[in-house]
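2 protein chains.
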Amino acid sequence: MLVIIDCHGHYTTAPASHTSWRERQLEAFAAGVRAEAYRLPTDDDIRASLQDHQLRLAGQRGIDLTIFSPRASAMAHHRGDLAVSRAWAEANNDLIARVVELFPADFAGVCQLPQTPGEGLDAAVAEVRRCVAMGFVGLNLNPDPSGGAFSAPPLTDRYWYPLYETMAELDLPAMIHVSGSCNPAFHATGGYYLAADTTAFMQLLAGDLFTDFPGLRLVIPHGGGAVPYHWGRYRGLADMLSKPPLREHLMRNVFFDTCVYHQPGIDLLVSVIEAENILFGSEMIGAVRGVDPETGHHFDDTRRYVDAAPLTDEQRHAIFEVNALRVYPRLSTLPHQLIENPS
Amino acid sequence: MLVIIDCHGHYTTAPASHTSWRERQLEAFAAGVRAEAYRLPTDDDIRASLQDHQLRLAGQRGIDLTIFSPRASAMAHHRGDLAVSRAWAEANNDLIARVVELFPADFAGVCQLPQTPGEGLDAAVAEVRRCVAMGFVGLNLNPDPSGGAFSAPPLTDRYWYPLYETMAELDLPAMIHVSGSCNPAFHATGGYYLAADTTAFMQLLAGDLFTDFPGLRLVIPHGGGAVPYHWGRYRGLADMLSKPPLREHLMRNVFFDTCVYHQPGIDLLVSVIEAENILFGSEMIGAVRGVDPETGHHFDDTRRYVDAAPLTDEQRHAIFEVNALRVYPRLSTLPHQLIENPS
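Chains as they are written, first to last, in the working numbering: chain A, 124 to 466; chain B, 124 to 466.
If you are wondering where the hints come from, they were derived from the structure by calculation, not from laboratory data. Hints are supplied without guarantee of correctness; some may be wrong.
Identical chains blur together in the list; that is why a pair holds if it fits in one copy or across any two.
[Claimed, not checked] Cut-off 20 Å, straight-line C-alpha distance, at most; resulting in silico cross-link-like pairs (EDC-like, lysine to aspartate or glutamate): (1) Lys366 with Asp331; (2) Lys366 with Asp280; (3) Lys366 with Asp187; (4) Lys366 with Glu417; (5) Lys366 with Asp415; (6) Lys366 with Glu213; (7) Lys366 with Glu288; (8) Lys366 with Asp294; (9) Lys366 with Asp168; (10) Lys366 with Asp335; (11) Lys366 with Asp166; (12) Lys366 with Asp390.
Please construct the entire structure, taking both the sequences and the accompanying hints into account.
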């Protein structure tokens, strides 16, 4: 039986009480007063926020399980301070944990980190441990918590090592995902996301991170930004920088999702990147919500593109399921009836 | 007869005396003293810097004419101040003018602008006028003179209008091209260039610049960054932002070059972007200088990819020659024997 795991879903439809708490939290920060305690939305509100949206579309598209994290554009690590960021990450992660409790067959949790520009990663490490204890299977790492100044050290910098050490210990992968932009030069979903994906890959290429962390697994979303389209450039740059071929240097550890919203893009992706490095993802409901007039289907219905791409059944199986179980091994420990044991 | 115009060449092999003057100029600035006057390299040094490099490779690859500008990574608009930037732009442009005088059949000039973060564009406009009087056919506009902070206003902002007005008056196109990065998050040719290309396109998509400047022509280099690979995302974002279809909204004014260094990338480019919006370019000798072990040819020998791409003869003719004459109309006023009149 074909099982489809979507590695890239965000809770973009969270109940209004969740979003409005964030507004009050930031108002309290600006006023220099203590924010009220966060309260989870009711189970009914959570169910209602998902049933007619992600769950309905997943059912229509045959997506069995979504690896689900807080809304990326709302992480906004550039707002407030570390205490604000920690409270907001905990609120979001508690909400994701409740989603997974309510719909254990449909969702697995990935956590938001309490990051803040210029601060260390102790709080992030602590939150990862807390979330793993709740059953989470991965984390979203924001490579630019400034929201568009790109002021954080490259991903190969030792600044990030405490997080990587924790990921190694707990066998967790990270998706590299920025949040909203506070820089007018960057439209979030049309400029910033893809810029960050692209430069993240190049940071990894220019360094030797996976010598220090040979088992680390990083997912670069949105089809790897510009990378597969410019795969020749990256092969050539690896050569110029005296790095090993990309397959050895990076592609045991780096994975791209299929959040590329047209057939020619997916066809390129699968033609230059090995199937074992591609994870099915749609980011539904996310950046692009409309129907493509050229196809009559939603732009983000990426299953159609993967179904139509020139792949063998085995490759498609890898992209839809097997790779996700390998990259997110904690999935196999969850009680998802639908998921086979990876061979 | 097939004529091939390369729209994207930089003088990356300028004589050592040119490069060392820049070092002394910056040292003088740091010391608070006046820099020595710039002196052009000798004609012999200029000839030697080109004959065994760009001219040899252009001959081998059948490139008839290169639209040639100062080395992009060395513009470094973030260094010094506006006076420094002006003197450096003038030195570079004078050098390009001399190249074109020495090799009028091989090169046409495109100028570097004296930009500086936070400064206006009066000096840039003046330099454009000076360069056009010397026979230049276009300009390179740096959308992020900060060198990686992306602190400049979006390309649709009125900040840039004096430059666009001058371009309209003089019928000049601009290539949107950043310089070197002073931000450790951005490797110049592997991260920064493609990030800037991508966000530049999205800035244009989110605005309505071409309503104000219907004849403006902007070339986004490096195959348009991530844009063609994510063409579905951009079509969907245009829809979400209530913009007209991209063909009407942007593609009368925006062009992508072919600086994509592998066959699958060029095949994608020509499959999603109309041939009339693609200009042949190689950026030779530039970002990627090695030989692709998979093909035995230079990564940046982009003519091979265009030759092998699924194009009609008419489309290939458009990409190699016709589009360049349309986008850079001043080319037709130059004494290049090889160039046909565009129909």
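Here is what the structure says about each hint:
Proximity of Lys366 and Asp331 under a CA criterion of 20 Å is satisfied intra-copy only: 9 Å inside one chain copy versus 43 Å between copies. Taking CA atoms no more than 20 Å apart as the test, Lys366 paired with Asp280 passes inside one copy only; the shortest distance there is 17 Å, against 41 Å between copies. In this homomeric assembly, Lys366 and Asp187 never come within 20 Å of each other (Cα to Cα): the closest approach is 39 Å inside a single copy and 35 Å across copies. Taking CA atoms no more than 20 Å apart as the test, Lys366 paired with Glu417 passes between copies only; the shortest distance there is 16 Å, against 42 Å inside one copy.
Proximity of Lys366 and Asp415 under a CA criterion of 20 Å is satisfied inter-copy only: 14 Å between copies versus 41 Å inside one chain copy. In this assembly of identical chains, Lys366 and Glu213 lie within 20 Å of each other by CA distance neither inside one copy nor across copies; the values are 40 Å within and 38 Å between. When the C-alpha separation of Lys366 and Glu288 is checked against a cutoff of 20 Å, the pair qualifies neither within a copy, at 24 Å, nor between copies, at 46 Å. Neither within a single protomer nor between protomers do Lys366 and Asp294 lie at most 20 Å apart by alpha-carbon distance, with minima of 26 Å and 45 Å respectively.
Taking CA atoms no more than 20 Å apart as the test, Lys366 paired with Asp168 passes in neither setting, with 51 Å inside one copy and 34 Å between copies. Within a single copy, Lys366 and Asp335 get their C-alpha atoms as close as 15 Å, which meets the 20 Å cut-off; across copies the closest is 47 Å, which misses it. Neither within a single protomer nor between protomers do Lys366 and Asp166 lie at most 20 Å apart by alpha-carbon distance, with minima of 51 Å and 38 Å respectively. Taking identical chains as interchangeable, the C-alpha atoms of Lys366 and Asp390 are never at most 20 Å apart, the minima being 27 Å within one chain and 27 Å between chains.
Of the numbered hints given earlier, the model fails hints 3, 6, 7, 8, 9, 11 and 12; all others are met.
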